[in-house]
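Novice: Letter by letter, the chains look like this.
There are 2 protein chains.
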Amino acid sequence: MARIAHVSPLAPARFPTIPPVAGFRFATAEAGIRYRGRPDLLLIEAVSGTTVAGVLTRSSMPGHPVTWCREILPRGRARAVIVNAGNANVCRGEEGDRAVESEARAVAAALHCAPEEVLVASTGVIGERLPVERIVAAVPGLVEGLRPDGIEQAARAIMTTDTFPKGAVAHAAIDGVPVTIAGIAKGSGMIAPNLATMLAFLVTDARLPAAVLQPLLAAAAERSFNSTTVDGDTSTSDTLLLLASGRAHHHPVVDPADSRLAAFADALDAVCLDLALQVVRDGEGAQKLIEILVEGAVSDASAKRIGLTIANSPLVKTAIAGGDANWGRVVMAVGKAGEPVEPAALAVSFGGHAVAREGRAVPDLDEAPIAAHLAGREIALSVVVGRGPGRARVWTCDLTHGYIDINADYRS
Amino acid sequence: MARIAHVSPLAPARFPTIPPVAGFRFATAEAGIRYRGRPDLLLIEAVSGTTVAGVLTRSSMPGHPVTWCREILPRGRARAVIVNAGNANVCRGEEGDRAVESEARAVAAALHCAPEEVLVASTGVIGERLPVERIVAAVPGLVEGLRPDGIEQAARAIMTTDTFPKGAVAHAAIDGVPVTIAGIAKGSGMIAPNLATMLAFLVTDARLPAAVLQPLLAAAAERSFNSTTVDGDTSTSDTLLLLASGRAHHHPVVDPADSRLAAFADALDAVCLDLALQVVRDGEGAQKLIEILVEGAVSDASAKRIGLTIANSPLVKTAIAGGDANWGRVVMAVGKAGEPVEPAALAVSFGGHAVAREGRAVPDLDEAPIAAHLAGREIALSVVVGRGPGRARVWTCDLTHGYIDINADYRS
Numbered sequence: 001m002a003r004i005a006h007v008s009p010l011a012p013a014r015f016p017t018i019p020p021v022a023g024f025r026f027a028t029a030e031a032g033i034r035y036r037g038r039p040d041l042l043l044i045e046a047v048s049g050t051t052v053a054g055v056l057t058r059s060s061m062p063g064h065p066v067t068w069c070r071e072i073l074p075r076g077r078a079r080a081v082i083v084n085a086g087n088a089n090v091c092r093g094e095e096g097d098r099a100v101e102s103e104a105r106a107v108a109a110a111l112h113c114a115p116e117e118v119l120v121a122s123t124g125v126i127g128e129r130l131p132v133e134r135i136v137a138a139v140p141g142l143v144e145g146l147r148p149d150g151i152e153q154a155a156r157a158i159m160t161t162d163t164f165p166k167g168a169v170a171h172a173a174i175d176g177v178p179v180t181i182a183g184i185a186k187g188s189g190m191i192a193p194n195l196a197t198m199l200a201f202l203v204t205d206a207r208l209p210a211a212v213l214q215p216l217l218a219a220a221a222e223r224s225f226n227s228t229t230v231d232g233d234t235s236t237s238d239t240l241l242l243l244a245s246g247r248a249h250h251h252p253v254v255d256p257a258d259s260r261l262a263a264f265a266d267a268l269d270a271v272c273l274d275l276a277l278q279v280v281r282d283g284e285g286a287q288k289l290i291e292i293l294v295e296g297a298v299s300d301a302s303a304k305r306i307g308l309t310i311a312n313s314p315l316v317k318t319a320i321a322g323g324d325a326n327w328g329r330v331v332m333a334v335g336k337a338g339e340p341v342e343p344a345a346l347a348v349s350f351g352g353h354a355v356a357r358e359g360r361a362v363p364d365l366d367e368a369p370i371a372a373h374l375a376g377r378e379i380a381l382s383v384v385v386g387r388g389p390g391r392a393r394v395w396t397c398d399l400t401h402g403y404i405d406i407n408a409d410y411r412s
Numbered sequence: 001m002a003r004i005a006h007v008s009p010l011a012p013a014r015f016p017t018i019p020p021v022a023g024f025r026f027a028t029a030e031a032g033i034r035y036r037g038r039p040d041l042l043l044i045e046a047v048s049g050t051t052v053a054g055v056l057t058r059s060s061m062p063g064h065p066v067t068w069c070r071e072i073l074p075r076g077r078a079r080a081v082i083v084n085a086g087n088a089n090v091c092r093g094e095e096g097d098r099a100v101e102s103e104a105r106a107v108a109a110a111l112h113c114a115p116e117e118v119l120v121a122s123t124g125v126i127g128e129r130l131p132v133e134r135i136v137a138a139v140p141g142l143v144e145g146l147r148p149d150g151i152e153q154a155a156r157a158i159m160t161t162d163t164f165p166k167g168a169v170a171h172a173a174i175d176g177v178p179v180t181i182a183g184i185a186k187g188s189g190m191i192a193p194n195l196a197t198m199l200a201f202l203v204t205d206a207r208l209p210a211a212v213l214q215p216l217l218a219a220a221a222e223r224s225f226n227s228t229t230v231d232g233d234t235s236t237s238d239t240l241l242l243l244a245s246g247r248a249h250h251h252p253v254v255d256p257a258d259s260r261l262a263a264f265a266d267a268l269d270a271v272c273l274d275l276a277l278q279v280v281r282d283g284e285g286a287q288k289l290i291e292i293l294v295e296g297a298v299s300d301a302s303a304k305r306i307g308l309t310i311a312n313s314p315l316v317k318t319a320i321a322g323g324d325a326n327w328g329r330v331v332m333a334v335g336k337a338g339e340p341v342e343p344a345a346l347a348v349s350f351g352g353h354a355v356a357r358e359g360r361a362v363p364d365l366d367e368a369p370i371a372a373h374l375a376g377r378e379i380a381l382s383v384v385v386g387r388g389p390g391r392a393r394v395w396t397c398d399l400t401h402g403y404i405d406i407n408a409d410y411r412s
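Residue numbers (the numbering used here), protein chains in the order written: chain A, 1 to 412; chain B, 1 to 412.
Derived by calculation from the structure, the hints in this document are not laboratory data.
Errors might be hidden in some of the hints.
To be verified - Below, a sample of chain B positions facing chain A; criterion: calculated Cβ distance under 7 Å:
1) Ser60
2) Val125
3) Thr318
4) Ala354
5) Arg357
6) Val362
7) Pro363
8) Leu365
9) Ala408
Stated by the list, open to error - Residues of chain A clear of chain B, computed beta-carbon distances all greater than 12 Å:
10) Pro16
11) Gly32
12) His112
13) Glu116
14) Leu146
15) Gln153
16) Asp269
17) Arg329
We put the beta carbon where it would ideally sit given N, CA and C, even for glycine.
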């Protein structure tokens with residue numbers, strides 16, 4: 001049983017106010033899959049005609065629900081998403097695949113749609129049998145309880161070691177018609193690019209074909225979930241879905257590069273980044289949110305690889321946990337990234353205060369303002385690695401005793 | 001000031017008995033570079049005619065001593081190695097390069113050799129100015145104090161966060177003539193392949209040209225230092241050197257593949273692996289030594305990448321710290337390695353007790369013997385990832401509160 005620890009000190013003050021999004025309803029239930037006395041099952045229902053896009057884990061050991069989603073996502077249509085917390089349904093052989101199919105069939109029967117219109121996601125312990133009969137038995141009650149304003153409860157039902165529910169919303173206009181994008185996410189450990197969260201579900205009333213949604217979602221994921229890391233560990237179950245009900249009455253847009261989609265793409269970016277940063281803020285044991293800006297690399301991709309190497313370095317993360325402006329560890333991490341760099345151009349700053357410049361320590365450094373910055377909750381680390389045009393921004397959290405506490409005894 | 005913590009519970013009972021190796025003398029001094037009241041400077045002197053091979057960090061931000069060694073190593077000749085602890089002399093621009101040259105020149109003058117016959121290594125804090133004048137001033141005293149049996153003191157002088165001095169010795173015969181290989185190492189954090197230690201110095205009385213030493217050393221490093229990891233972080237200063245005095249009177253051997261070198265190569269492997277495992281045993285905060293065997297991969301190299309991904313996973317390392325046979329996290333780590341695997345062939349065992357087989361959990365598992373194994377100090381994790389011929393063995397330690405204690409406040 002995962003300990004639900006104190007709420008992260010980096011948590012937002014409250015769950016955001018998210019209005020209903022036309023075409024979607026939510027329901028949760030206590031299926032007792034692993035947890036007791038809390039909802040652990042979520043059903044999202046979408047109206048007929050809803051399109052869908054998804055980004056799934058690149059793990060070579062994906063969970064059974066991921067395999068199912070990968071198979072049905074190319075159809076581009078969805079009527080429902082069913083999600084459980086507490087058991088990830090991974091490494092169960094044919095039994096695991098059959099469990100997913102049972103879930104999809106039960107939901108399809110209750111909603112009068114095809115099983116291939118039901119996406120499935122699971123999060124929790126790997127390798128144990130999913131008590132799918134409890135999920136199937138809960139489906140009729142879930143369908144009865146569907147309501148358009150249930151999104152905060154939905155966010156709570158998918159939590160595992162999360163200390164707070166994660167939601168975000170943004171508004172945009174397509175061709176002058178207002179649309180909304182709302183999303184929920186869960187995740188706090190086993191968090192690394194591809195994806196930097198275990199589960200995230202976004203809904204919008206925009207009217208867009210799957211062929212438009214998919215590239216927009218992939219691009220937004222790259223700048224958000226795939227630019228964050230907690231511990232460098234990638235889940236078997238990472239799933240990001242975007243469902244579009246088409247209830248907004250704008251003109252159809254069929255080209256993802258259409259300029260009428262710019263505001264929608266920005267809003268999608270904003271929701272993804274908001275959720276991804278909430279996941280980092282809930283990083284297991286996190287006391288500080290760290291933003292790392294890398295500039296001067298040979299390309300943006302190279303800058304991102306350097307940034308993630310810094311972000312995943314236990315030595316950098318523990319130094320920041322200790323409030324220590326140990327830029328030597330940043331140098332170490334830059335060096336181990338294996339990317340082209342110019343040592344003589346290296347610069348490092350914390351909170352805008354330079355500690356190294358042109359490849360060496362700043363002489364007679366006044367450490368007081370840096371120490372003050374590092375004592376805060378939000379840390380800005382900026383690194384110049386050369387004189388190239390590449391830049392990237394990534395996010396992580398510090399590595400503290402809390403991470404050890406949570407992870408040295410999660411399963412039992 | 002680094003805290004010299006309690007000695008690691010995984011430390012060997014004592015420093016090994018290492019006889020003098022013909023052609024080498026050692027001396028240490030208290031130069032007060034960073035530490036007080038302990039030796040922090042080491043001089044190894046080698047007789048004229050000594051050959052040398054080396055393996056250096058692949059970091060793209062190497063320390064100034066590494067740059068120097070990389071420049072002079074191709075000459076294949078060495079008369080001395082000078083090493084300091086407490087300051088790594090990294091990222092100091094031209095000042096850092098000049099400091100290295102000052103060290104080499106001071107030693108060369110005292111030993112009547114060329115500066116290019118003096119190898120230099122430094123370990124400790126990155127980015128601060130090396131007080132090279134203290135090293136230069138200590139050289140005459142060091143030369144006076146040279147003695148053939150000073151190797152244990154040598155091992156102590158290069159320690160930083162190490163909790164015990166590391167030494168190893170092995171014997172072999174070349175063409176019927178006995179030879180000895182002795183070595184010392186230091187390192188306990190910032191430990192990851194290439195190299196898996198910060199500094200290691202080996203001496204032998206064998207009579208072998210540098211062109212023979214180099215491939216043998218590179219191969220031995222690949223199976224030892226480059227098969228171990230503590231935290232996935234690669235130092236700027238990793239330096240492994242092998243010096244051969246040629247005082248053993250065997251016939252010259254000029255082909256590294258000559259069968260007369262088989263026993264010597266085995267002994268070199270043994271010394272490297274002994275030292276590398278001592279470094280892991282002294283991993284910051286380590287309570288358990290973990291050996292990971294990966295089999296069934298498409299190649300040995302693929303198996304090693306999977307093994308190191310498992311070995312570097314914070315979630316695997318914390319699970320083992322907590323005595324939890326959480327094989328789901330092993331599955332996660334296998335999946336994130338990005339190597340070809342066959343999920344249906346996956347098998348995982350701890351201490352020889354299978355927890356998963358043919359891609360799924362072992363039913364009705366008796367966890368008692370596994371729990372007993374995981375309660376011990378030496379953990380054996382075996383993973384089958386497919387049906388290929390590739391296999392590799394790697395080593396790491398667990399991730400505990402001790403790592404956070406040491407690293408959240410190292411520099412200050």
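Novice: Tell me if arginine 357(B) is really an interface residue toward chain A, meaning its C-beta lies closer than 7 Å to one of theirs.
Specialist: Nearest chain A Cβ about 10 Å off; hint violated.
Novice: Minimum Cβ separation between arginine 329(A) and chain B greater than 12 Å?
Specialist: Nearest chain B Cβ is 7 Å from arginine 329(A), so the label is violated.
Novice: Would the stated hint for valine 362(B) survive a check requiring a Cβ distance to chain A of less than 7 Å?
Specialist: It is violated, given that the least Cβ distance between valine 362(B) and chain A is near 10 Å, above 7 Å.
Novice: Checking the smallest CB distance to chain B, is proline 16(A) really beyond 12 Å?
Specialist: holds (30 Å)
Novice: Using Cβ atoms only, decide whether alanine 408(B) comes closer than 7 Å to chain A, and label the hint accordingly.
Specialist: Constraint on alanine 408(B) satisfied, holds at 3 Å.
Novice: Hint check: is the beta carbon of valine 125(B) less than 7 Å from a beta carbon of chain A?
Specialist: holds (6 Å)
Novice: Over 12 Å from every CB of chain B: does aspartate 269(A) meet that, or does the non-interface label fail?
Specialist: The claim stands: aspartate 269(A) keeps its Cβ more than 12 Å from every Cβ of chain B (closest is about 25 Å).
Novice: Holds or violated: leucine 365(B) as interface residue toward chain A, Cβ cutoff 7 Å?
Specialist: violated (10 Å)
Novice: According to the definition I'm using, a residue is off the interface if its beta carbon is farther than 12 Å from all beta carbons of the partner; does histidine 112(A) meet that for chain B?
Specialist: Holds: least Cβ distance 34 Å, greater than 12 Å.
Novice: So, as I understand it, the hint says alanine 354(B) touches chain A; can you test that by seeing if any CB pair is closer than 7 Å?
Specialist: violated (12 Å)
Novice: At a threshold of 7 Å, is the proposed contact between serine 60(B) and chain A supported by beta-carbon distances?
Specialist: Serine 60(B) check passes; min Cβ-Cβ to chain A is 5 Å, inside 7 Å.
Novice: Quick one: work out the minimum CB distance from glycine 32(A) to chain B and report holds if it exceeds 12 Å, violated otherwise.
Specialist: holds (20 Å)
Checked against the numbered hints above, the structure breaks hints 4, 5, 6, 7, 8, 17 and satisfies the rest.
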